[in-house]
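Chains E and Y, in that order, give the protein sequences. Note that the numbering used here has the first sequence beginning at 646, numbered continuously upward. Note that the numbering used here has the second sequence beginning at 483, numbered continuously upward.
The hints are simulated quantities; they were obtained by calculation from the structure and are not laboratory data. Backbone N, C-alpha and C fix where the C-beta goes; we use that ideal spot for every residue, glycine too. Careful: at least some of the hints might be erroneous.
Dumping the calculated SDA-like pairs for lysine to any residue here, alpha-carbon to alpha-carbon at most 25 Å [claimed, not checked]: (1) E:K668 to Y:R550; (2) Y:K551 to E:I679; (3) Y:K536 to E:R720; (4) Y:K551 to E:Q676; (5) E:K668 to Y:A496; (6) Y:K536 to E:N728; (7) Y:K536 to E:R712; (8) Y:K495 to E:L675; (9) Y:K536 to E:R722; (10) Y:K495 to E:G701; (11) E:K716 to Y:H535; (12) Y:K551 to E:G701; (13) E:K668 to Y:H535; (14) E:K724 to Y:G544; (15) Y:K536 to E:L713; (16) Y:K536 to E:M717; (17) E:K716 to Y:R556; (18) Y:K551 to E:R721.
Selected chain Y positions facing chain E (in silico; Cβ < 8 Å) [claimed, not checked]: (19) H503; (20) E523; (21) G524; (22) Y527; (23) N549; (24) K551.
Estimated spans, in silico, between C-beta atoms of each pair [stated by the list, open to error]: (25) Y:W499 to E:A1036: 51 to 57 Å; (26) E:Y726 to Y:P559: 21 to 27 Å; (27) Y:E542 to E:I1161: 55 to 61 Å; (28) Y:E542 to E:Q732: 20 to 26 Å; (29) E:A1106 to Y:K536: 35 to 41 Å; (30) E:Q732 to Y:V491: 52 to 58 Å; (31) Y:D516 to E:T684: 17 to 23 Å; (32) Y:G584 to E:Q694: 16 to 22 Å; (33) E:D725 to Y:R513: 35 to 41 Å; (34) E:D680 to Y:K536: 29 to 35 Å; (35) E:L711 to Y:L590: 56 to 62 Å; (36) Y:K536 to E:D916: 51 to 57 Å.
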Amino acid sequence: MTPTPLWHRYARLFGPDPAADVKDELRFHLQAKIDDLITQGWPPGAASQEAERQFGDLRAVEQIGLRLGEKMERRRRLKDYWNDSVQDARYTLRALGRDPGFATVCILILALAIGANTAVFSVVNTLLLRPLPFADSNQLVWIAPPPNACGLSCATYSADAYEEFRDQSRVYQDVTGYEAFATPDNLRVTGRGEPQPATSVELIGNFFQVLGVQPAMGRLFTVDEARGGPHPVALLTSAYWRREFNADPAIVGKAVELNGTPITIVGVLPDSFDFGAVFSPGAKVDLFTPLDLNLEHDWGNIVTLLGRLKPGVIVAQALDDANRVAPNMYFNVKYPRTLGRYKGDLIPVPLKDYVTGKLRRSLIALWFAVGTILLIAGVNLSNLLMARAAARAKEFAVRGALGASRGRIVRQLLMESLVLSGAGALLGLALARILLAWLAHQGSLALPLLSTLRIDGETLAWTVIVAISTATIFGLLPGLKIASGNLQEVLKDSGPGAGLGRSHERLRAALVVSEIALACVLLVSAGLLLRSFVKVLDVDLGFQPGRAASIKVDYDDSAPTNDASVAKRTEIFQQILARVGALPGVEAAGMSDFLPLGPNREWDTPEPKGKTVAPGELPDPLVYVITPGFIRAMGMRLRGRDFTWSDGPHSERVVLINASAARVYWPGEDALGRILMRGDEEDHVVGVVDDVHEETVEGGTGSQIY
Amino acid sequence: LIFRGTLDVLILKALVWGPLHGYAITSLLRRQSDDALLLEEGTLYPALWRLEHKGWLDAEWGLSENNRKAKFYRLTPEGRRQLRHEVKTWEAYATAVAKVLGATQPPLPEKIG
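Work out the full structure, taking the sequences as your base and the hints as a guide.
Written out as structure tokens, the structure is:
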């Protein structure tokens, strides 16, 4: 610190008064002048006049002096404040350095609390506050039926429905969608050495135009290509382009072989576009191909609907419009019976709400939780500062006695808590960074937009606000308390740890009580959370995932006739299973075209033989196609018998059904040995398996047929 | 008659030998210039305050020779540096002006091309 000049201290003593200073200075000048003139022989009256004449415009000079003086005073005060603060900071660092244990504990507590708050705020900011990473993203709406039990099959629409909706709706600039049933690694990239699995999603041609995504290289799909033009084309995601093609700058126009078909790459999408992050959390998509709607007309509900509203249209208007259109829509135009099937099932919601809606409540709860943690940390800090201040009561008393004002002492304490929380915030920021970096690469968490997590300006500002308010609120409390203590009492009291009076005790008691209360709240909520988590783990999946492993296999069953193809396929499957089953440690092996807990699907509606039911009363079951051994390999529980290799197209037709299906088809009766009718075909039920969760662990179990 | 910029450098110079109050500065300037520099005394003070504001001068209250309370000005290190700089500038300027004014014949025409 620069040494305080002497006049400064002098001015302090009388209180600074620039106006008086200016007057004094000028009066001295005139006085000295008059004295000189009198020594030179002027008469006193004339001397005073002459002095003023030689001085010039006294009033004007005074004015200038006043202005400058005030300016300097302001600066001086600021400088004093700054100097004091620097002094406080130095003193604080010294004091904390003497007590590293205290400082470490405080900083660690604050770092944890602030770090948690920063990290959670960053998540909240990304998911709830920040708009989606698309142009005018508030115009984008997701169109889906109200949430219901049957999952994705009911959240999607048929190709016909899409076209009708697009043509009849009036509120959209355009409507698009994608094929929602893409599974990971659904393609093989061949012709480049070993076949590589890749994930592709089929999009309605105008998908990127609707979202407002421009390709980083090349172009989007043309109208022709979108209609299944002569040349199959694909767009690559940026990540896939880097990984598989080493960011080849000349990739556009090159061809790759997908499942043996050459496909031309027409463009690469920008880095910022992450399909999985928005539409299917946790999924990684490598490339996009146009969805040929003409081929999809008979496929049932397969596309999602996504629209861009015209400017100025609000969601409520879009809902009205959808309700107007819905009764005129066919599920499949070939079947007039399907008219109006989507009535009430077309509900546009802002895309943002669709993406983050389910998380809103849990995120806000999380936000509150970390807020509580911060409160606890703050109260803790307050308590620690109090304890320390109590130990330093004498020091403060002495300082007070030496002339330190109450404000000065409070400022000193405030500076201490500021330094602590500042250090805590820095450390917390580092913690949050690590946490976020870890979170962002946690694909299995399946949170949308996760990869865009980062510490940005807003998060930083939030951290600063949190740190400063923590320091202020929780530092001010003990500061005020200490400063209001009676100096004399403390000074007289020589014993260490002398009582600080009852009010002091009361404050500390209040702090401790509130801390315990907050901790209890947190503990109870954490306990509840853990309980539901344990419950999820305890859910009977119907199979034993712990000891099961799955592999995807490609095979080539091309043969001239269907029968030959089936025979070839059977041959291949039997070979594979025989080899896998022969591996040491493998107890059972089986195959299925479909694993539990994947997206759902349904084919047709079988009916129990000998019963007449009204259409629509029976569920559309989920169908698994499996080989012998699958049931055992999955660890599923079966009553009756498994399939054998002799069950085939030429033998009696057999099926396994799950317990739910058995309850629906033959309530209160034994389903074993009964017959299910699929059209004219009879399927004999040879076994009943316990229910297996089909889509999500939490979801219910629909009817299943094997 | 004194120009404003010149007054600043004169004040700085006057304080080279030690702290002075405002009145002493006027008398010192008058004596050293043999009364040639006539200064309207009032103009000195705004200049002093400006220099103080700039940090070239420090001021403190003290007692004058005849025991009156007076404000004494002192050069700060920065003020000293500023003085050296201004003196140099002034000398260069004065030499240039002197050269032009002291010329006895017209300059040779510059060669063209």
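(Q) Just to be sure I understand the hint, the distance between the Cβ atoms of L711 of chain E and L590 of chain Y should be within 56 to 62 Å; is that true here? (A) holds (58 Å)
(Q) With the threshold set at 25 Å, check whether the alpha-carbon distance from K724 of chain E to G544 of chain Y stays at or below it. (A) holds (24 Å)
Q.
The hint names N549 of chain Y as touching chain E; please verify it with the least Cβ-Cβ distance against 8 Å.
A. Since chain E brings no Cβ nearer than about 11 Å to N549 of chain Y, farther than 8 Å, the hint is violated.
Q) Has the given pair, K536 of chain Y with R712 of chain E, been kept, meaning a C-alpha gap of at most 25 Å? A) holds (14 Å)
Q | Status of the hint placing Y527 of chain Y at chain E (closest C-beta pair under 8 Å) | A | Given a least distance of 5 Å, the restraint on Y527 of chain Y holds.
Q) Is 21 to 27 Å a correct range for the gap between the Cβ atoms of Y726 of chain E and P559 of chain Y? A) Since the Cβ atoms of Y726 of chain E and P559 of chain Y sit about 25 Å apart, the hinted range of 21 to 27 Å holds.
Q.
With the threshold set at 25 Å, check whether the alpha-carbon distance from K668 of chain E to A496 of chain Y stays at or below it.
A. holds (23 Å)
(Q) Hint check: K551 of chain Y vs Q676 of chain E, CA-CA at most 25 Å. Holds or violated? (A) Measuring from Cα to Cα gives roughly 11 Å; hence the hint holds.
Q: Take the C-beta atom of G584 of chain Y and the C-beta atom of Q694 of chain E, compute their distance, and say whether it sits inside 16 to 22 Å.
A: About 44 Å separates the Cβ atoms of G584 of chain Y and Q694 of chain E, which means 16 to 22 Å is violated.
Q: Determine whether the Cβ-Cβ distance between K536 of chain Y and D916 of chain E falls within the hinted range of 51 to 57 Å.
A: Given range 51 to 57 Å: holds, Cβ gap about 53 Å.
Q.
Within 35 to 41 Å: is that where the Cβ-Cβ distance between A1106 of chain E and K536 of chain Y falls?
A. holds (37 Å)
(Q) Hinted pair, alpha-carbon criterion (25 Å max): K536 of chain Y, M717 of chain E. Please report holds or violated. (A) holds (10 Å)
In summary, the structure is inconsistent with hints 23, 30 and 32 from the numbered list given earlier, while agreeing with the others.
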